[in-house]
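One letter stands for each residue in the lines below.
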Amino acid sequence: MSDAAMRPHDMLPLTPAVFHILLALADGEKHGYGIMQEVAAITDGAMRMGPGTLYGTIKRMLEAKLIEESDERPDPALDDERRRYYRLTNFGERVAQAEAARLALLLNVAQSKRLMGGT
Amino acid sequence: MMNHRTIQTPLLSLSERVYRMLLIAYPAAYRREYGALMVQVFRDMCRDSYRQGGAAAVALWWCSTLLDLVYTAFEQRRKVRFTVSKSTFMRLTGVLLIVGGAFWSLAAFSQFQPDDHYTYYGIYQLLIWLLAPAFLLVGLGCFGLGLHIRPTLGVLGQWALYGTGIGALVMAVGVVGTSINDDLWNVWMAGGLVHMLALTVFGVLHLWKPALPIFRALPLMLASGWWVMWTSALRTTSQTTNNTLSFLFIVGMGMVWLAIGLKMHRQQSQELVPAAS
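Just so you know, the sequences run in chain order R and H. In terms of our numbering, the first sequence opens at residue 0 and continues consecutively. In terms of our numbering, the second sequence opens at residue 306 and continues consecutively.
So here's chain H without its partners, still in its complex pose (with noise of 0.2 Å):
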């Protein structure tokens, strides 16, 4: 009896580390009350799910986990007015890259649809459930890097990075607007046109100089992954190489932008350790 807690490996003892950094997600107020008894039952139903399983049960448990997440601290927020200061919009930016890039990933599962792509049904539907939210998140998080880069990259950089929030929300507009009306397609498109070119903007400055703790030549590389996927879509080979390829580059981003998330998240945690002492 009450086995499942006594498994434990590498892979439960990370999942609980991330969901407990994920609450930040939530108002202050609501994870004093509550996030301790999430983190436990979120752990509880992780040993389960790696007990039944294995590793695979546990992403899958990490999927509707994060979905959970985000509508819910979304809801939790709305209740207390998005009352988000500055400062804390600044300090969720290394979570929503986080969140936002991990979606991102795992929305590339959607390009083994085997079909038509312009319908959303099967495993294409990942594209509402996770790569909207994924540019949701991804869009606030660069209005937050825009936050932190000012006094590097003046006001250009600044509004690089802004441009690249707008043009990922309104992607995440195009992409939930295309369920509705297959002519919004050209919303996503004009999104992702100005989400390119700005990022193309702010990975040359960055390149120019460094504004944040990552490999100065990254976000171009990201902008580059753009460009790429942008062209390739016009010089078609076979449709299994163009799935394969779509997937390896979707995947890639999301990698780059959870990975930025981290870099931020660190920074801003070892930040607060002299005020906190």
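Chain R on its own, in the form it takes in the complex (with noise of 0.2 Å):
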């Protein structure tokens, strides 16, 4: 199927784990390791990924097609062969656009009902 025969709606809401990737992969390729940290950081630590959470769900990311395999290095002077790199597809990348719009209407939501500590 081609990405744009795929409707990014049909795959919302995501995960916690996959949006996550997701946003990791938003400013470029990363390895498993590395999407870890992204993750660890834009969380402020709470959420840490376990290895088998990880590769689970980047398994069943490359099976929907939002994330592939990169064969390029972005660093090789600083970086093992054996890694992996994963960067977002087209399609991955409007997913994550339509998963971050309806959180946006969700918060929206939560503003106007004053759910929101100092609104």
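A couple of the hints might just be wrong.
The following residues of chain R were derived to be distant from chain H, with all beta-carbon distances above 10 Å [stated by the list, open to error]:
1) D70
2) L104
3) Q110
Under the rule of at most 27 Å between Cα atoms (straight-line distance), these lysine-lysine pairs were calculated in the DSSO-like manner [to be verified]:
4) K29/R <-> K58/R
5) K384/H <-> K58/R
6) K64/R <-> K384/H
7) K112/R <-> K58/R
These are computed hints drawn from the structure, not numbers from a lab. From a predicted model like this one, the values you see are computed outputs, not experimental measurements. For every residue, glycine included, the Cβ atom is placed at its ideal position computed from N, Cα and C.
Two chains, two frames, a set of hints: combine them into the complex.
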């Protein structure tokens, strides 16, 4: 199935692990450990995926064509050849955007109902 | 830069070796595809933890990794419809008992909850997150042991181990059930009683005719631990003493299951060498 034939909204809502990995890859390709570090950084350490969750989720995302393996090495001098790098597909990027829009909508509702601190 | 890759200590080497061994819990195809990558990530995270907080941080990383391993291995096995053959199940026995024993020992820290023990909060939540999976894994491991010892101890020995396993599985249900309804504490106790009695029978049989690659009195010593726990619960002294004794007994039991698992795993690995060469 081509990217164009797949509808991002069919994938929603995403699980937290999938969305966090999409976010981690949004600014460039990364290997597994890089994804874990990025996820820990963007959640301020609150989400720390184990190797099983990480690669189980990556496997599902590869099957759903949200991400793909990359042959390129951002910095070969500093890297281990055995590592596999992953990057967002065009479809994965559209799914991430759709999920972000869905969450933003919910956030607006929460704000309007005064459920957010300080509003 | 990349400093984390240069740290190497016996603790990190051992951690990596144990984690690599535990990957047997995943289906073979999944292991071939992602096993090496998972070990690599595990090693990197271990080094990070060690650099940030020493051995204690590595221990914490191990706790979350063990939970992650149990749940994701179950998930991956479920996807391949649990096509576990009898021989594979027997081969998994060691790993089931190693992980179960480790969970069991770690769950002992729940005994340091200073107040009411009948509601799951604070450190007592370890019972749900660690002891229930431990009972489940040890229960399954007992079924695997039952398949191993049949030629030596016959049907009685095999069913004594099946009874031990059934008791452990019932306890797992009881632990989780108690979090929903306090009355299900009785299920936990019933499972414990079945487990203890069946383990005692197996312990006596094993003393008479050792069938496992372990010290012949070890199963009976394990059963004795249960008897002591069971009876000392009726003779309380002080809360602190009880908590410490319970902690020691639970850690001890977990370590015994872990030791049995290690021995079984080593024996199975040795048996596989000639076949592979």
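Now for the hints, and whether the structure bears them out:
The Cβ of D70/R sits about 16 Å from the closest Cβ of chain H, beyond the 10 Å cut-off, so the non-interface label holds. The beta carbon of L104/R is kept farther than 10 Å from every beta carbon of chain H, the shortest such distance being approximately 30 Å. At the 10 Å boundary, the C-beta of Q110/R stays outside the reach of chain H, the nearest C-beta of that chain being 32 Å off. A distance of roughly 15 Å separates the Cα atoms of K29/R and K58/R; the hinted pair therefore holds under the 27 Å criterion.
Only pairs whose Cα atoms come within 27 Å are accepted, and K384/H paired with K58/R is accepted, the gap being roughly 12 Å. At roughly 19 Å between alpha-carbon atoms, K64/R and K384/H fall within 27 Å of each other, so this suggested pair holds. Taken as a hint, the K112/R and K58/R pair is broken in the structure, with Cα atoms around 39 Å apart against an allowance of 27 Å.
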